[in-house]
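J.: The chain contents come next:
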Amino acid sequence: MISKQDIVNLYRKTATEVPMDILNALKDAEKSEIDSMPKNVLRKIIENSEIAQKEAKPICQDTGTPIFYIQKDSSLDEKRILEVIEEATQAATKEIPLRNNAVDSLTNKDYGNKPLVYFEHSGLFKMDLMMKGGGSENITQIYSLPNKELNANRDLNGVEKCILDAVFKAQGKGCPPYIIGVALGGTVGSVAHLSKKELLRNVEDKNEELHEFEKRVLKNVNQLGIGPLGLGGKTTALAVKMCSSHRHPASFFVGISFGCWCLRRQSL
Amino acid sequence: MIELRIPLTEKDIERLNYGDEVLLNGTIFTARDKAHLFLLQNNFEKMHNSVIYHCGPIIKEGKVVSAGPTTSARLNAYTPELIKKYDIKAVIGKGGMDKTVLNALKDKAVYFAAIGGLGVIYAKSIAVKNVYQEEFGMAEAIWEFEIKDFPVIVAMDSKGNSLYEEVLEKSENRYKELIKQ
Chain A
46 MISKQDIVNL YRKTATEVPM DILNALKDAE KSEIDSMPKN VLRKIIENSE
96 IAQKEAKPIC QDTGTPIFYI QKDSSLDEKR ILEVIEEATQ AATKEIPLRN
146 NAVDSLTNKD YGNKPLVYFE HSGLFKMDLM MKGGGSENIT QIYSLPNKEL
196 NANRDLNGVE KCILDAVFKA QGKGCPPYII GVALGGTVGS VAHLSKKELL
246 RNVEDKNEEL HEFEKRVLKN VNQLGIGPLG LGGKTTALAV KMCSSHRHPA
296 SFFVGISFGC WCLRRQSL
Chain B
46 MIELRIPLTE KDIERLNYGD EVLLNGTIFT ARDKAHLFLL QNNFEKMHNS
96 VIYHCGPIIK EGKVVSAGPT TSARLNAYTP ELIKKYDIKA VIGKGGMDKT
146 VLNALKDKAV YFAAIGGLGV IYAKSIAVKN VYQEEFGMAE AIWEFEIKDF
196 PVIVAMDSKG NSLYEEVLEK SENRYKELIK Q
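Residue numbers (the working numbering), protein chains in the order written: chain A, 46 to 313; chain B, 46 to 226.
Think of the hints as simulated: they come from the structure by calculation, not from any bench. For each residue, glycine too, the CB sits at the ideal point set by N, CA and C. Any given hint could be a false lead.
[Said to hold, decoys possible] Counterexamples of contact, computed for chain B against chain A with all Cβ distances above 12 Å:
1) Ile47
2) Glu48
3) Arg50
4) Asn70
5) Asn87
6) Lys91
7) Tyr123
8) Asn148
9) Ala172
10) Gly205
[Stated by the list, open to error] With a straight-line cut-off of 27 Å between C-alpha atoms, the simulated DSSO-like cross-links for lysine-lysine are:
11) Lys105(B) / Lys49(A)
12) Lys159(A) / Lys108(B)
13) Lys139(A) / Lys174(B)
14) Lys169(B) / Lys89(A)
15) Lys159(A) / Lys124(A)
16) Lys215(B) / Lys264(A)
17) Lys84(A) / Lys215(B)
[Said to hold, decoys possible] Here are the in silico distance ranges between beta carbons for each label pair:
18) Gly157(A) / Lys174(B): 19 to 29 Å
19) Gly234(A) / Asn70(B): 47 to 57 Å
20) Phe170(A) / Glu48(B): 51 to 61 Å
21) Thr152(A) / Glu189(B): 19 to 29 Å
22) Lys151(B) / Phe164(A): 48 to 58 Å
23) Ser312(A) / Lys151(B): 43 to 53 Å
24) Gln116(A) / Lys174(B): 39 to 49 Å
25) Glu217(B) / Arg199(A): 20 to 30 Å
26) Gly157(A) / Lys169(B): 18 to 28 Å
27) Lys174(B) / Asn153(A): 25 to 35 Å
28) Ser167(A) / Lys151(B): 52 to 62 Å
Assemble the whole structure, with the sequences as input and the hints as a guide.
T.: Printed below as a string of structure tokens:
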């Protein structure tokens with residue numbers, strides 16, 4: 046059974062260390078930029094990541110909404126895991142420290158931090174933690190195809206138009222360069238959930254079926270010129286990650302989730 | 046690199062052009078969503094002629110742990126009135142603000158871009174002087190900060206120029222071409 050301290054340690058690592066695959070992608074992007082503005086912005090981003098890790102301080106003051114994705118078999122009790130996560134969240138908030146990011150929508154009461162926890166059945170135990178910032182969450186988009194305004198049909202070309210539209214609308218508001226998660230499916234809830242889960246994928250990994258599409262969309266997104274923090278440049282996104290699931294014949298939803306440049310995710 | 050001391054003068058504002066890199070020194074106040082409503086509904090003397098920082102920091106035992114900028118666009122609706130009411134000289138934030146704010150800045154003030162996510166780097170340039178409306182919570186309270194060599198970029202100047210408008214226009218042209226295909 047996983048301990049409270051294991052989860053506090055996971056929180057600390059997640060809040061203070063930019064994942065290695067993302068840091069490498071940021072370093073490659075810094076080399077590829079020519080203009081001084083995007084180059085300098087990326088240099089500062091890399092410098093901040095290194096200092097945060099060395100001093101074990103939160104990379105960004107928005108330590109996000111903690112989201113746990115847990116794969117486990119039936120021998121582990123969900124109720125007990127939830128209790129341990131709850132205790133660890135309170136401890137991590139105090140110790141690291143994290144910013145209080147759970148406010149009652151009606152009364153504005155401050156609840157400290159409240160994790161979201163998803164369970165999946167699997168023979169192997171795995172716990173992923175994503176600490177999802179508010180700025181990048183606010184630029185999430187969900188499209189229903191066909192979309193007349195975008196002249197987008199129920200095909201990959203139509204999906205690409207949705208992604209370009211979402212990035213264009215977001216401009217620099219969600220702290221680019223972005224990691225873009227995309228999901229196709231039949232309900233609003235499923236594409237919102239699955240597109241966010243795509244952000245857990247290593248930026249380097251290859252999805253056989255959709256890899257060529259992901260590559261093409263990334264290339265086109267980076268032609269928009271929005272750049273790091275929306276101040277212009279060649280690097281608007283570091284990766285596009287997509288998955289597809291079944292849908293109701295009447296519906297075709299495209300969910301698009303964004304990770305900011307310091308997408309905080311680590312696993313146990 | 047231009048070095049400026051707060052309070053900023055009309056002359057300081059006039060000489061700043063979009064794209065300039067600036068090191069700021071002096072006193073600034075944080076304000077997010079709740080603080081903006083509070084500042085519009087009440088009279089907060091200290092805010093006159095000052096600089097606002099869109100930031101919800103992490104503070105522990107009076108020390109700044111992490112304090113980068115938050116998304117400014119959420120505050121578009123309140124900012125023109127706030128600039129007018131308090132003669133705000135500069136707004137620091139991330140992601141830029143809309144045309145109504147660009148108009149409100151004219152001949153009066155500038156918008157400085159700070160880089161989103163640089164929580165640790167900015168924290169090193171900040172000392173806490175005071176806190177107001179602490180009941181709003183740590184992120185939403187109005188923090189009075191003393192900043193030293195705080196690096197920012199002039200992204201919207203007092204002459205109607207905006208880096209974001211420039212990027213938006215260019216990206217819109219490319220976006221329209223790509224969507225057509």
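J.: Report the numbers of all earlier hints that the structure fails to satisfy, in ascending order.
T.: No hint contradicted; all consistent.
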